[in-house]
Amino acid sequence: MSRRDQGREKEHWGSSVGVVLAVAGGAIGLGNFLRFPGQVATYGGGAFMIPYFVSMLIVALPLALSEWALGRNGGRRGYHSQPGVYRAAGGGKTFWGVCGGLCSLAPLVICMYYVFIESWCLLYALQYLGGCLKPLGLGFSLFPSLDAGLKLNDSASYEAFFARFVGMSGGDGSLFRDIFSSPLLLATAACALANFALIYCGIAKGIERFCKIATPLLLLCAVLVILRVATLGNPTGVAGQSFVDGLGFMWNPTRPLLDESGAVVGQASVWTALANPEVWLAATAQIFFSVSICLCAITSYASYVKKDDDIALSGVTAVAANEFCEVALGGLMTIPAAIMFFGVAAAGNFDSTFAMGFVVLPNVFGLMAGGEFFGFLFFSLLFLAGLTSSISLVQPTVALTQEAFRWSRGVSVAATLTVNLVGIGIVCWFTKNLAALDSFDFWLANFTPFVFALLQTVLVAWVWGADKMTAELERGAKIRVPSALGFVVKYVSAPYLAIIFAFWLWNNLGARLAGIADDRAAQVSLAFIGFLTAALIVVSLKASRRWRREEEDAARTERSQNISATK
Amino acid sequence: MTIGGWISMTLAIGATTGLLSWCCWKITTTPDVTSDATDDE
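For the record, the sequence lines run as chains A and B.
Under the numbering used here, the first residue of the first sequence carries the number 7, and numbering increases by one thereafter.
Under the numbering used here, the first residue of the second sequence carries the number 8, and numbering increases by one thereafter.
Keep in mind that the hints are not guaranteed to be accurate.
Said to hold, decoys possible - Between beta-carbon pairs, the in silico distance windows are:
{"#": "1", "chain 1": "A", "residue 1": "Ser-175", "chain 2": "B", "residue 2": "Thr-17", "range": "40 to 46 Å"}
{"#": "2", "chain 1": "A", "residue 1": "Ala-281", "chain 2": "B", "residue 2": "Thr-37", "range": "40 to 46 Å"}
{"#": "3", "chain 1": "A", "residue 1": "Ser-489", "chain 2": "B", "residue 2": "Ile-10", "range": "37 to 43 Å"}
{"#": "4", "chain 1": "A", "residue 1": "Gly-516", "chain 2": "B", "residue 2": "Thr-36", "range": "28 to 34 Å"}
{"#": "5", "chain 1": "B", "residue 1": "Leu-18", "chain 2": "A", "residue 2": "Ala-540", "range": "47 to 53 Å"}
{"#": "6", "chain 1": "A", "residue 1": "Gly-179", "chain 2": "B", "residue 2": "Thr-37", "range": "54 to 60 Å"}
{"#": "7", "chain 1": "B", "residue 1": "Thr-17", "chain 2": "A", "residue 2": "Lys-16", "range": "43 to 49 Å"}
{"#": "8", "chain 1": "B", "residue 1": "Thr-37", "chain 2": "A", "residue 2": "Arg-526", "range": "44 to 50 Å"}
{"#": "9", "chain 1": "B", "residue 1": "Lys-33", "chain 2": "A", "residue 2": "Ala-520", "range": "47 to 53 Å"}
{"#": "10", "chain 1": "B", "residue 1": "Trp-13", "chain 2": "A", "residue 2": "Gly-239", "range": "35 to 41 Å"}
{"#": "11", "chain 1": "B", "residue 1": "Pro-38", "chain 2": "A", "residue 2": "Val-469", "range": "31 to 37 Å"}
{"#": "12", "chain 1": "B", "residue 1": "Thr-36", "chain 2": "A", "residue 2": "Glu-558", "range": "45 to 51 Å"}
{"#": "13", "chain 1": "A", "residue 1": "Ser-275", "chain 2": "B", "residue 2": "Ser-28", "range": "31 to 37 Å"}
{"#": "14", "chain 1": "A", "residue 1": "Gly-98", "chain 2": "B", "residue 2": "Thr-17", "range": "16 to 22 Å"}
For the record, the hints were derived by calculation from the structure and aren't laboratory data.
Just so it is clear, CB atoms sit at the ideal spot from N, CA and C, and this is done for glycine as well.
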């Protein structure tokens with residue numbers, strides 16, 4: 007009797023295009039359109055792209071392909087959860103099952119604050135829609151008291167709006183004090199339910215069907231917004247604030263060096279940027295997080311690919327689609343728009359995703375002709391990007407509870423939703439400086455993916471074997487898998503990642519740890535993360551024990567059948 | 008925008024657009040080798 011016959015669910019993607027759009031949709035998120043342009047502008051413009059593409063070739067692409075191979079290898083054996091996938095590659099060792107369980111922590115927790123951010127995008131989009139409908143007499147405002155204070159061309163008023171909207175200025179618990187007048191909590195709950203409803207509908211009927219519509223739709227929104235920005239000319243009439251000047255601010259590889267009085271005293275060359283280790287760290291971190299390495303999404307989705315379907319070309323296509331959105335679309339949209347309306351004064355917000363997305367750009371749309379419509383398109387684009395990403399983060403946990411407890415999809419979805427609602431509650435409560443969100447983001451979206459990427463590289467390259475990874479990628483492949491891939495994963499990606507991680511720790515860990523003692527939100531967040539870590543260890547141990555028992559039973563049955571056949 | 012800016016933008020956007028276009032072309036022109044994945048190893 008095969009293991010799958012013993013009750014494990016058998017689900018597959020409906021088409022190869024569907025899985026590519028789902029994986030690409032999972033990777034394309036807010037970071038592509040808001041964080042990437044800011045990083046390019048802050049860290050050397052065109053010069054930033056050299057470490058960025060180097061990191062893509064030696065880290066992101068090899069590790070993404072290794073995740074596709076790991077996932078499909080697990081899926082062929084009937085495993086769709088990270089513990090199952092890791093254990094299948096790790097020779098059935100419980101240690102790797104537990105590592106997989108710990109790796110599942112990142113998507114579980116990231117989803118908790120991603121849903122909150124999604125609800126911001128949804129409400130901003132609806133607010134702009136209300137403005138679009140005003141000429142038809144159907145206009146509405148979700149925040150009449152909040153948006154009354156908005157003044158065009160006044161960044162401070164947009165900043166104040168955002169701070170009140172997300173509860174930063176009201177302090178911890180402010181969103182819950184006036185629950186019925188705050189649409190944000192309702193929108194957050196609606197976004198959480200939408201995520202879990204899509205997961206409940208299943209791989210082909212839920213995730214695939216949705217991503218086949220949402221991913222192309224978000225591309226269309228992005229193209230329309232870029233066309234609008236590119237055809238604005240010079241809306242303020244101020245010299246140096248045209249679309250091309252905006253592009254120049256982002257892409258020029260040489261930067262003017264200013265003295266204290268603001269006078270230009272020289273030029274920072276490409277070599278200055280390349281000699282700065284922080285540029286390499288920023289570029290590697292950007293591509294690493296953008297492709298969603300070690301967030302379980304790729305392995306989980308790849309585990310539902312049929313055993314002889316292509317994964318090599320699908321893997322490259324998913325990375326390419328993410329890069330296209332990030333570089334070709336994200337690179338032409340936000341920073342040129344901000345420079346066109348506010349000049350270099352906007353540059354102070356470029357390294358902050360939230361300030362850029364929810365303060366600077368709404369101000370830009372306020373000043374732009376047809377801004378209500380393009381604001382609606384832009385925030386719809388962010389909402390769709392967020393939703394396709396968050397469903398890819400929910401699926402691994404649902405698969406884990408299904409496999410560990412043999413629960414039906416409905417029960418697993420309900421259990422995961424319950425845990426998520428607790429985490430979402432913590433994020434929505436500690437809104438002062440968005441401290442819980444920041445804490446979750448630091449530990450789960452920055453720290454743990456690095457740790458588990460290193461661990462996963464050890465699993466793939468040394469435990470499972472680079473040759474097996476290559477063989478898995480070659481099965482049904484529509485393209486030739488480079489023979490050097492195994493070597494790159496083993497001797498280039500892993501050491502490079504280790505160096506970057508060590509530098510990242512040196513830069514970030516000390517300050518973060520020092521701040522915990524005085525930060526109640528960080529303490530609660532860490533306690534919650536600790537509780538989830540313990541729970542995931544227990545769940546993955548339980549699942550590993552069940553799998554071992556099933557394997558022993560299957561071996562025993564096979565032996566007795568062989569004996570009967572011999573007699 | 009400097010010449011260096013134009014070059015870096017064109018190369019970056021051209022590379023990602025070219026890669027995605029090549030992938031889409033390969034996906035649409037290469038026939039699938041599908042199976043029902045009914046066996047376990």
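Taking 37 to 43 Å as the hint, is the beta-carbon distance of Ser-489/A and Ile-10/B inside that range?
holds (38 Å)
Starting from the range 35 to 41 Å, see whether the pair Trp-13/B and Gly-239/A falls in it by beta-carbon distance.
violated (19 Å)
Can you tell me whether the CB distance of Ser-175/A to Thr-17/B sits inside 40 to 46 Å?
Holds, at about 44 Å.
Do the beta carbons of Gly-516/A and Thr-36/B sit within 28 to 34 Å of each other?
The hint (28 to 34 Å, Cβ to Cβ) is violated, given that Gly-516/A and Thr-36/B are roughly 53 Å apart.
Starting from the range 45 to 51 Å, see whether the pair Thr-36/B and Glu-558/A falls in it by beta-carbon distance.
This hint holds: roughly 47 Å between Cβ atoms.
With respect to the beta-carbon atoms only, verify the hint that Gly-179/A and Thr-37/B lie 54 to 60 Å apart.
The hint (54 to 60 Å, Cβ to Cβ) holds, given that Gly-179/A and Thr-37/B are roughly 56 Å apart.
Consistency of beta-carbon spacing, Arg-526/A to Thr-37/B, with hint 44 to 50 Å
violated (56 Å)
Is 40 to 46 Å right for how far apart the beta carbons of Ala-281/A and Thr-37/B are?
At 43 Å between Cβs, range holds.
Given a hint of 47 to 53 Å, does the C-beta separation of Lys-33/B and Ala-520/A actually sit inside it?
Check passed, 51 Å falls within 47 to 53 Å.
Verdict for Gly-98/A, Thr-17/B (Cβ pair) under range 16 to 22 Å
violated (51 Å)
Distance restraint evaluation - Pro-38/B, Val-469/A, Cβ atoms, bounds 31 to 37 Å:
holds (35 Å)
Do the beta carbons of Thr-17/B and Lys-16/A sit within 43 to 49 Å of each other?
holds (47 Å)
Checked against the numbered hints given earlier, the structure breaks hints 4, 8, 10, 14 and satisfies all the rest.
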